[in-house]
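With chain D's structure known, arrange chain Z on it following the hints.
From first to last, the protein sequence lines stand for chains D and Z.
According to the working numbering, numbering within the first sequence proceeds without interruption in unit steps and concludes at 1345.
According to the working numbering, numbering within the second sequence proceeds without interruption in unit steps and concludes at 495.
Source of the hints: derived by calculation from the structure; they are not laboratory data.
Note that this is a predicted model, so its numbers are computed, not measured.
Treat the hints loosely; a few may be bogus.
[Stated by the list, open to error] Computed cross-link-like contacts, DSS-like style, restricted to lysine-lysine with a CA-CA straight-line distance of at most 30 Å:
{"no.": "1", "chain 1": "Z", "residue 1": "LYS462", "chain 2": "D", "residue 2": "LYS958"}
{"no.": "2", "chain 1": "D", "residue 1": "LYS1308", "chain 2": "Z", "residue 2": "LYS307"}
{"no.": "3", "chain 1": "Z", "residue 1": "LYS272", "chain 2": "D", "residue 2": "LYS1292"}
{"no.": "4", "chain 1": "Z", "residue 1": "LYS462", "chain 2": "D", "residue 2": "LYS1056"}
{"no.": "5", "chain 1": "D", "residue 1": "LYS1285", "chain 2": "Z", "residue 2": "LYS307"}
{"no.": "6", "chain 1": "D", "residue 1": "LYS1057", "chain 2": "Z", "residue 2": "LYS381"}
{"no.": "7", "chain 1": "D", "residue 1": "LYS1282", "chain 2": "Z", "residue 2": "LYS381"}
{"no.": "8", "chain 1": "Z", "residue 1": "LYS485", "chain 2": "D", "residue 2": "LYS1292"}
{"no.": "9", "chain 1": "Z", "residue 1": "LYS418", "chain 2": "D", "residue 2": "LYS1056"}
{"no.": "10", "chain 1": "D", "residue 1": "LYS1292", "chain 2": "Z", "residue 2": "LYS362"}
{"no.": "11", "chain 1": "Z", "residue 1": "LYS362", "chain 2": "D", "residue 2": "LYS956"}
{"no.": "12", "chain 1": "D", "residue 1": "LYS1009", "chain 2": "Z", "residue 2": "LYS494"}
{"no.": "13", "chain 1": "Z", "residue 1": "LYS362", "chain 2": "D", "residue 2": "LYS1257"}
{"no.": "14", "chain 1": "Z", "residue 1": "LYS362", "chain 2": "D", "residue 2": "LYS1308"}
{"no.": "15", "chain 1": "D", "residue 1": "LYS1292", "chain 2": "Z", "residue 2": "LYS352"}
{"no.": "16", "chain 1": "Z", "residue 1": "LYS477", "chain 2": "D", "residue 2": "LYS1285"}
{"no.": "17", "chain 1": "D", "residue 1": "LYS958", "chain 2": "Z", "residue 2": "LYS362"}
{"no.": "18", "chain 1": "D", "residue 1": "LYS1282", "chain 2": "Z", "residue 2": "LYS352"}
{"no.": "19", "chain 1": "Z", "residue 1": "LYS462", "chain 2": "D", "residue 2": "LYS1009"}
{"no.": "20", "chain 1": "D", "residue 1": "LYS958", "chain 2": "Z", "residue 2": "LYS411"}
{"no.": "21", "chain 1": "Z", "residue 1": "LYS404", "chain 2": "D", "residue 2": "LYS1137"}
{"no.": "22", "chain 1": "Z", "residue 1": "LYS352", "chain 2": "D", "residue 2": "LYS1308"}
{"no.": "23", "chain 1": "Z", "residue 1": "LYS474", "chain 2": "D", "residue 2": "LYS1004"}
{"no.": "24", "chain 1": "D", "residue 1": "LYS1292", "chain 2": "Z", "residue 2": "LYS477"}
{"no.": "25", "chain 1": "Z", "residue 1": "LYS494", "chain 2": "Z", "residue 2": "LYS418"}
{"no.": "26", "chain 1": "D", "residue 1": "LYS1056", "chain 2": "Z", "residue 2": "LYS404"}
{"no.": "27", "chain 1": "D", "residue 1": "LYS1282", "chain 2": "Z", "residue 2": "LYS362"}
{"no.": "28", "chain 1": "Z", "residue 1": "LYS275", "chain 2": "D", "residue 2": "LYS1057"}
{"no.": "29", "chain 1": "Z", "residue 1": "LYS477", "chain 2": "D", "residue 2": "LYS962"}
{"no.": "30", "chain 1": "Z", "residue 1": "LYS474", "chain 2": "D", "residue 2": "LYS1009"}
{"no.": "31", "chain 1": "Z", "residue 1": "LYS411", "chain 2": "D", "residue 2": "LYS1057"}
{"no.": "32", "chain 1": "Z", "residue 1": "LYS474", "chain 2": "D", "residue 2": "LYS1177"}
{"no.": "33", "chain 1": "Z", "residue 1": "LYS306", "chain 2": "D", "residue 2": "LYS962"}
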Amino acid sequence: MNAERITEKLNILADAAKYDVSCASSGSKRKNENKGLGNASNGICHSYTEDGRCVSLLKILLTNHCIFDCAYCVSRKNNDIKRAAFTVQEVVDLTINFYRRNYIEGLFLSSGIFKDADYTMERLVRVAKKLRTEGNFNGYIHLKSIPGASDELMREAGLYADRLSINLEMPTEAGLKLLAPEKNRQDMINPMNFLKNEIILRTEEKKFFKKAPLFAPAGQSTQVIIGATPESDQQVLQSASYFYKNFNLKRVYYSGYVPVLADKRLPALNTSVPMVRENRLYQADWLMRFYGFHVNEIVNTQNPLLDLDIDPKLSWAIRNMQAFPIDINKADVQMILRVPGIGLLSAQKIVSARKFAKLSWEQLKKIGVALNRARYFIICKSNEFERRDLTGNNIKQFILAESQSKYIKNTQTQLNLF
Amino acid sequence: MYTLVYDGTFEGLLTAVFEIYDRKLFHVKLIKGEWRSSAMFEEVLQVITDERRATRVLKGLRKKLSAAGIQRLYIAHMAEMDNEENAIVGFIRYVFDTDVNIEEDYGNKYVMRLSEILKMVRREKHRMEAFIRFRKLKDGIYYAAVEPDFNVLPLLIRHFKNRYTDQKWIIYDIKRRYGIHYDLHDTQYITLDFSEVNKSSEVENIFTDDEQVYQQLWKSYFTNVNIVARKNTKLHLRHIPKRYWRHLTEKI
Chain D
928 MNAERITEKL
938 NILADAAKYD
948 VSCASSGSKR
958 KNENKGLGNA
968 SNGICHSYTE
978 DGRCVSLLKI
988 LLTNHCIFDC
998 AYCVSRKNND
1008 IKRAAFTVQE
1018 VVDLTINFYR
1028 RNYIEGLFLS
1038 SGIFKDADYT
1048 MERLVRVAKK
1058 LRTEGNFNGY
1068 IHLKSIPGAS
1078 DELMREAGLY
1088 ADRLSINLEM
1098 PTEAGLKLLA
1108 PEKNRQDMIN
1118 PMNFLKNEII
1128 LRTEEKKFFK
1138 KAPLFAPAGQ
1148 STQVIIGATP
1158 ESDQQVLQSA
1168 SYFYKNFNLK
1178 RVYYSGYVPV
1188 LADKRLPALN
1198 TSVPMVRENR
1208 LYQADWLMRF
1218 YGFHVNEIVN
1228 TQNPLLDLDI
1238 DPKLSWAIRN
1248 MQAFPIDINK
1258 ADVQMILRVP
1268 GIGLLSAQKI
1278 VSARKFAKLS
1288 WEQLKKIGVA
1298 LNRARYFIIC
1308 KSNEFERRDL
1318 TGNNIKQFIL
1328 AESQSKYIKN
1338 TQTQLNLF
Chain Z
244 MYTLVYDGTF
254 EGLLTAVFEI
264 YDRKLFHVKL
274 IKGEWRSSAM
284 FEEVLQVITD
294 ERRATRVLKG
304 LRKKLSAAGI
314 QRLYIAHMAE
324 MDNEENAIVG
334 FIRYVFDTDV
344 NIEEDYGNKY
354 VMRLSEILKM
364 VRREKHRMEA
374 FIRFRKLKDG
384 IYYAAVEPDF
394 NVLPLLIRHF
404 KNRYTDQKWI
414 IYDIKRRYGI
424 HYDLHDTQYI
434 TLDFSEVNKS
444 SEVENIFTDD
454 EQVYQQLWKS
464 YFTNVNIVAR
474 KNTKLHLRHI
484 PKRYWRHLTE
494 KI
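Next comes chain D alone, as it looks inside the complex (with noise of 0.2 Å):
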């Protein structure tokens, strides 16, 4: 091995791949039943960069050569940087290496675009290929696949990696036209439809055949860039619930734009990345996924944007007052799930130990609620109720006076209204 020459592809073609933020392991049903290596049934963060991201997958790209030229990636046909490409088998060696020191769950390969779609997507396909057959690997793989790749390639695709991707790029059709005007939604549509499809009918298959091979057992995900173009929340938020709904994705990311290239389409060099912004979508998209939250709920034509200085659970509370207060010894846990401070799991741990005795604040606050926030909302078993009767904007900035935010520098404005 030639480690120089290695570290410095490695350098190149990992600093191209950061900015995809979707590197999440979890998900997967693969488990180490061969007397091989690695069992992808449980994600892992093996470590966090200095920005505060998670660590599990060693995440890069195959070549940063691209044919194509959009406006916000690093990798653009016309961007002055060094490139490099790696062989299969490196990338293999790469990946059982680290995996076998305990550095990651799996690999996370995505690719520039050199030659075509199905040229680049093949090459993908045979690292994953090699890691399975010949390397014995049952470690993660996700792999991105490229617009425009044939449903043959997609379907070699979906037995060999646990979870499959294509970027959407843009929240909508308008804003890829703008700053990738060679791509083509529909090119990243079809593939995804494929998948879909045959993500079904192999579950179906699977239910008569024990013995049925995975397929793509972590499902697909995508992502889109948020603050590069003007959506709002609500185009954005609209846009993940359609295509969670149409296409089955198990995961939307959201990621703040990091401005990289000066280009006159994109926001000036100096603007800093939207990370309060990029936040708060996905706490919308929690509530969508996990809370019961109609998509409109949290935003819509009155309400287009997310609220930067608070959460969007607690946005929504109090624009609906009159829903509260409830009392958390009655009330169904579809609506305690809805309470700002109140989490999945407090909300399980209530409506167990609820049938023991009626809870109080303090015991509220052991099983872990933040009553900072939910004492507004609810009644339990003392007497005293703090909501009095206070308007949704007195409670807003009530918990806004009292909070510690890491955002708090962020929200001056709003707290000088107090």
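Just chain Z, lined up with the frame of chain D:
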């Protein structure tokens, strides 16, 4: 108030519970340690671990707790957290004194405390699954040193055995001076003598030739995936507390 001294084993703890019921003791405190006869504390009892008595208590618990409940109790004890025996004993007494299964009565202080202890232990176990870094020794064994806050090595065996079936490995707890060793078939508890590998040159020599290369590759990967424009040191430290750094290849 009686103070019961037991040997720190799970059987010892269960024997203590037997004593509490047998002697109808109400206000008790349980501590682990060696028995010292002392005139200063009058009401101190030594618990002599008795497998038969422990089994009786365990049988009683099985009638009133689910298998997962028993497992949780065991894990909470395994953690060896200081002075938490009394929470565990309180929990057990609550189990015996109530007719229904109380595992999920989070309004009860003992149930809640047990759930808190478990959360801490499981977090540490999970962190070990994440932060263990193997180095390949010349004889083909992958070796990792750890210093967890709680005694979690026994809880790690299944995870690593499922993951690394085709490589030999050792995970060694430096603080508690014992490790687990997997030899491609079974795992065993081991102790190591480090006195002979003190010089740093010798330490380098025990690793395979490419070990240093992969460590360097991992370090440079770690540096290159960072996005400077998003720097967030507070978040970084929350995820990887500093006490783990000295065994993390990318942070050394």
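So, going through the hints one by one against the coordinates:
1. A threshold of 30 Å between alpha carbons decides the hint, and for Z/LYS462 with D/LYS958 the separation of about 29 Å falls inside it, so the pair holds.
2. Using a Cα cut-off of 30 Å, the hinted pair D/LYS1308 and Z/LYS307 holds, with the two alpha carbons roughly 28 Å apart.
3. For the suggested pair Z/LYS272 and D/LYS1292, the alpha carbons sit about 27 Å apart, so the restraint of at most 30 Å is met.
4. For the hint linking Z/LYS462 to D/LYS1056, the alpha-carbon distance of about 27 Å falls within 30 Å, and the restraint holds.
5. Pair hint D/LYS1285 plus Z/LYS307 holds up; C-alpha atoms about 22 Å apart against a cutoff of 30 Å.
6. About 27 Å separates the Cα atoms of D/LYS1057 and Z/LYS381, which keeps this hinted pair within 30 Å; it holds.
7. A threshold of 30 Å between alpha carbons decides the hint, and for D/LYS1282 with Z/LYS381 the separation of about 58 Å lies outside it, so the pair is violated.
8. The straight-line distance between the Cα atoms of Z/LYS485 and D/LYS1292 is roughly 29 Å, inside the 30 Å bound, and the hint therefore holds.
9. Distance hint between Z/LYS418 and D/LYS1056 is unfulfilled; the C-alpha atoms sit about 42 Å from each other, more than 30 Å.
10. For the hint linking D/LYS1292 to Z/LYS362, the alpha-carbon distance of about 16 Å falls within 30 Å, and the restraint holds.
11. Between Z/LYS362 and D/LYS956 the alpha-carbon distance is near 25 Å, which keeps this suggested pair within the 30 Å criterion.
12. This hinted pair checks out: D/LYS1009 and Z/LYS494 have alpha carbons roughly 27 Å apart, not beyond 30 Å.
13. Taken as a hint, the Z/LYS362 and D/LYS1257 pair is honoured in the structure, with Cα atoms around 27 Å apart against an allowance of 30 Å.
14. For the given pair, Z/LYS362 sits about 26 Å from D/LYS1308 by alpha-carbon distance, which is consistent with the 30 Å threshold.
15. Pair hint D/LYS1292 plus Z/LYS352 holds up; C-alpha atoms about 12 Å apart against a cutoff of 30 Å.
16. Restraint check: the Cα-Cα separation between Z/LYS477 and D/LYS1285 comes to about 38 Å, which exceeds 30 Å; the hinted pair is violated.
17. Distance hint between D/LYS958 and Z/LYS362 is fulfilled; the C-alpha atoms sit about 26 Å from each other, no more than 30 Å.
18. About 16 Å separates the Cα atoms of D/LYS1282 and Z/LYS352, which keeps this hinted pair within 30 Å; it holds.
19. A threshold of 30 Å between alpha carbons decides the hint, and for Z/LYS462 with D/LYS1009 the separation of about 21 Å falls inside it, so the pair holds.
20. For the given pair, D/LYS958 sits about 19 Å from Z/LYS411 by alpha-carbon distance, which is consistent with the 30 Å threshold.
21. Our distance criterion of 30 Å between C-alpha atoms is met by Z/LYS404 and D/LYS1137, whose separation comes to about 25 Å.
22. Restraint check for Z/LYS352 and D/LYS1308: the C-alpha separation of about 17 Å stays at or below 30 Å, so the hint holds.
23. A distance of roughly 28 Å separates the Cα atoms of Z/LYS474 and D/LYS1004; the hinted pair therefore holds under the 30 Å criterion.
24. Only pairs whose Cα atoms come within 30 Å are accepted, and D/LYS1292 paired with Z/LYS477 is accepted, the gap being roughly 25 Å.
25. The straight-line distance between the Cα atoms of Z/LYS494 and Z/LYS418 is roughly 20 Å, inside the 30 Å bound, and the hint therefore holds.
26. Between D/LYS1056 and Z/LYS404 the alpha-carbon distance is near 24 Å, which keeps this suggested pair within the 30 Å criterion.
27. Simply put, D/LYS1282 and Z/LYS362 have alpha-carbon atoms about 22 Å apart, close enough for the 30 Å limit, and the pair holds.
28. The straight-line distance between the Cα atoms of Z/LYS275 and D/LYS1057 is roughly 54 Å, outside the 30 Å bound, and the hint therefore fails.
29. A threshold of 30 Å between alpha carbons decides the hint, and for Z/LYS477 with D/LYS962 the separation of about 41 Å lies outside it, so the pair is violated.
30. This hinted pair checks out: Z/LYS474 and D/LYS1009 have alpha carbons roughly 24 Å apart, not beyond 30 Å.
31. With a CA separation close to 23 Å, the supplied pair Z/LYS411 and D/LYS1057 stays within the 30 Å bound.
32. Simply put, Z/LYS474 and D/LYS1177 have alpha-carbon atoms about 28 Å apart, close enough for the 30 Å limit, and the pair holds.
33. A distance of roughly 38 Å separates the Cα atoms of Z/LYS306 and D/LYS962; the hinted pair therefore is violated under the 30 Å criterion.
The structure does not agree with the numbered hints 7, 9, 16, 28, 29 and 33 stated previously, though it agrees with the rest.
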